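Participant: Input sequences plus hints: build the corresponding full structure.
Chain by chain, the residues:
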Amino acid sequence: MDIGGEHQIPAAREAVWRALNDADILRRAIPGCEELEKISDTEFNARITAKIGPVKARFKARIQLEDMDPPASYTLTGEGQGGVAGFAKGAAKVRLLDQGEGASVLKYEAEMRVGGKIAQVGSRLVRGAARKTAAGFFANFVAILGESAYGKP
Amino acid sequence: MNANTTTTSGIGGSVRRREDSRFLQGRGRYTDDINIAGQAYAVFVRSPHAHARINGIDTAAATAAEGVVAVFTAEHTKDIGGVPTGWQVHSKDGEPMAEPKHPVLAEGMARHVGDPVAMVIAATRRQARDAAELVAVDYDPQPAVVDMKAALAADSTKVHADLPGNLCYDWELGDKAAVDEAFAGAAHVTKLDLVNNRLIPNAVEPRCAIGDFDSVSGEHTLYTTSQNPHVIRLLMGAFVLSIPEHKLRVVAPDVGGGFGSKIFHYAEEALVTWAAAQVKKPVKWTAERSESFMSDAHGRDHVTHAELALDADGKFLALRCSTLANMGAYLSTFAPCIPTYLHGTLLAGQYVTPAIYCEVKAVFTNTVPVDAYRGAGRPEATFILERIVDQAAAETGVDPAELRRRNLIKPEQFPYQTPVALQYDTGNYEATLDQALKAADYAGFESRRKQSAAAGKLRGVGLSCYIEACGIAPSNVVGSLGARAGLYEAATIRVNPTGSVVVLTGSHAHGQGHETTFAQVVSDMLGIDYDAVEIVHGDTAKVPFGMGTYGSRSIAVGGAAIAKAVDKIIAKGKKIAAHLLEAGEGDIVFENGAFKVAGTDREKSFGDIALTAYVPHQYPLESLEPGLEETAFYDPANFTYPAGTYVCEVEVDPDTGRVTVASFHASDDFGNLINPMIVEGQVHGGLAQGIGQALLENCVYDADGQLLSGSYMDYCMPRADDLPSFQVDTTVTACTHNPLGVKGCGEAGAIGAPPALINAVVNALNGGGHPIAHLDMPATPQKVWAAMQSN
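Note that the protein sequences, when read in sequence, are chains A and B. Position one of the first sequence corresponds to residue 1 (our numbering), numbered consecutively onward. Position one of the second sequence corresponds to residue 154 (our numbering), numbered consecutively onward.
The set of hints was computed from the structure by calculation and includes no laboratory data. Take these hints with a grain of salt, some might be off.
Label-pair ranges, simulated between beta-carbon atoms [unchecked claim]:
#, chain 1, residue 1, chain 2, residue 2, range
1, B, ASP594, A, LYS56, 54 to 60 Å
2, B, ARG282, A, GLY32, 46 to 52 Å
3, B, ILE187, A, ALA143, 42 to 48 Å
4, A, GLY53, B, ASN649, 54 to 60 Å
5, B, ASP594, A, GLY53, 42 to 48 Å
Pairs of lysine-lysine residues, derived as DSBU-like cross-links and limited to a Cα-Cα distance of at most 35 Å, are as follows [stated by the list, open to error]:
#, chain 1, residue 1, chain 2, residue 2
6, B, LYS610, B, LYS695
7, B, LYS311, A, LYS60
8, A, LYS132, B, LYS936
9, A, LYS89, B, LYS936
All of these numbers come straight from a predicted model, not from anything done at the bench. For glycine and all other residues, C-beta sits at the position ideal for the given N, C-alpha and C.
Facilitator: In structure tokens:
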């Protein structure tokens, strides 16, 4: 399943890039994220609770950043194990475009796969849940960015 | 059908089902109702991947969790045998089918979503579920193969690495050369590609199993949701757990629907039985509904190319079919015989088709195993034949009823040897066709079509003339075809000293009403009160032996065994009566429940004889044993061949593509009827399932092998408002080779309904200016609407 979108972010590209690599900001921005641990500059471990239709699961996720081209783009791959609920995995190509005057645009194209009970009872709902999660992430991200040092000119 | 007018409780009476008083009051005793003191609960960890190497399983956290009794993986079960297959099919080249091991817990590789990987046992179900969450399985996902054509490609991922490929067997039946020759001289050839959609059985009662072990006696007991407890005892005891039969009791109490899915021996049954001895506690497992979707054997799933050759008069010359049949990831108990001996052999249908050739490739894929489901092979054959006959009628401009009539086997042609191995003993297909066409007012369809058109609806009519083969037999023949079991049935008649009767039957009821039907047979034959007959089934410790209930065999095989045992009771009763009445045994006749000296008024009642047998004071002890109990094993000489004609009318809403079943008429020949009301109920249930397949139900996997239709949100079961009020009637040609003259009625509806419905939908679209040759099931609004837009 493919999803994608773009979001206006009222901050300079450099600042957005640094925030996207800040474990604390990501933890606060990702809906349902309970833990996010930065293992290295390109690896994170996360614990995320997600609800897809009737399935609520706690995922242990491993996230890796590849094809790093700061501050323009990277590819994010992730795999989450939700125990008996099944699994989710995906990859997202994320690009940051400089709009000038302290604004930027984030574009992403992601493909996602789910398995086990999530696919069994929630496959039709995954796209909606993913969109909702993405929307929640960007709303949180923009708000947190505004309060943080990255957001200051 | 005169279901409400008869008052007799004997053969032919529509006696109300005695079992319903407990079912309707919620007082049935199902497996999950059984609780044994001190029992623990099992939960299975199942693979979320369709195909994944298992690098390791960390059970430490689960084992340490509160209430956990044990956690088992393949490491613990590696000495347990694989789940066996009950039928071996040979390929065209004579080679036996590929038969991969089916471990009870995945050994290093998970091969379908739902494949059990670990078993967690805890003091409560909740604790077991919580601990199952803690089992950490290190999966290495592998590419999965779901599509059968892709699975047969040379470079396909292999479901079983130790096999040459994903082909299970490449089977054939019929005279290929004769078929090719007939096609070469045909005036017309009709070709069709069809899919018989995969179904998920969905019995109301999910599977459940309880293992119990008595360490003093060394006796294992399994309570399980099974259609055939003796078969489970045989397969599990001999092949999986190595428990001798005298130390293994299998009980299948009330079972809430099976439809085939509870014939098979499942790993969970063996695991609870084994684990109970390991943990020294009874172990209970009850499937959750979503577990049923991914662990009960699925049904159907055929892809077929068919061709029918006709002469200039519309006579069928030859039929050839090439089918891919999905086996899933492992071979379920009877999987190999469904697309072969229960499918290819049925392709003659009701017609005189001189030459038929059928080839079937069975294919392994990373999906749940596929096995018998109500009809089992026969719905697939009937769908091919009744669709292609309809299409041939459309192409040649002959009325579909007329084309069928021209080709029907005539009454005087019985016994009729088909070109695909079966010999039909009896039937009168034209009588059933006539009755159905008349009752459904086929001749008046055009005026109803116009009425529907005036209301903006497209109306269509569809026929289906099905045949089925019930009571698969005889044992020596099926043995030569690869069956690893006999297919007889056993019954014991135990006459109590005061004249009441207990019938111990090897058939197993899971909704069919045997407790009523069988009591009617026995009370009628013995001339005793219907309420004096008790039916016992489902417990290997009580019933001598049994092959169980599937393939509409209960009355034709199990009922015949009962009748044979009753005959033995009567024969012994005559000996006792002759002694009491001081007459020759040959002068005793048994009539209306009394043993009489022929031509005199001297008689002894059945009750007198029963009492004398157990209080043998005046008794020929030197030549006759006391007591009155007889057992019979009955092995049928042939299948029985129910047949019928179904007429379905549908209305299609051209704006939405929604199909409404406007009317459905079923005329069936089931031979003699024991209880017409129960027969009618069986037909209704079968029709509901057949219409469910044709309109609503569909099992869907994505390309990665994820089960997408894994709940009732996505798997659409038929409900009352999807179905019309059925019109059902019968014709009778009595089966020639069983003592009751019966044929079986359990599967007919599910076999005959799907092509009648699709024929009606195709007819509606063609009549409404949307010419199409075929529409695969289910005929959902989306599919019908799309077909209309493309034409």
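Participant: Evaluate each hint against the coordinates.
Facilitator: Here is how each hint holds up against the structure:
1. ASP594/B / LYS56/A: 54 to 60 Å: Between ASP594/B and LYS56/A, where Cβ atoms are some 55 Å apart, the hint holds.
2. ARG282/B / GLY32/A: 46 to 52 Å: 22 Å Cβ-Cβ, so the 46 to 52 Å window is violated.
3. ILE187/B / ALA143/A: 42 to 48 Å: Cβ of ILE187/B to Cβ of ALA143/A: about 57 Å, so the range 42 to 48 Å is violated.
4. GLY53/A / ASN649/B: 54 to 60 Å: At 57 Å between Cβs, range holds.
5. ASP594/B / GLY53/A: 42 to 48 Å: Holds: the Cβ-Cβ distance is about 47 Å, inside 42 to 48 Å.
6. LYS610/B / LYS695/B: violated, 58 Å
7. LYS311/B / LYS60/A: Between LYS311/B and LYS60/A the Cα gap is close to 30 Å, so the pair holds against 35 Å.
8. LYS132/A / LYS936/B: holds, 30 Å
9. LYS89/A / LYS936/B: holds, 31 Å
Violated hints, listed in ascending order, are 2, 3 and 6; each of the other numbered hints is respected by the structure.
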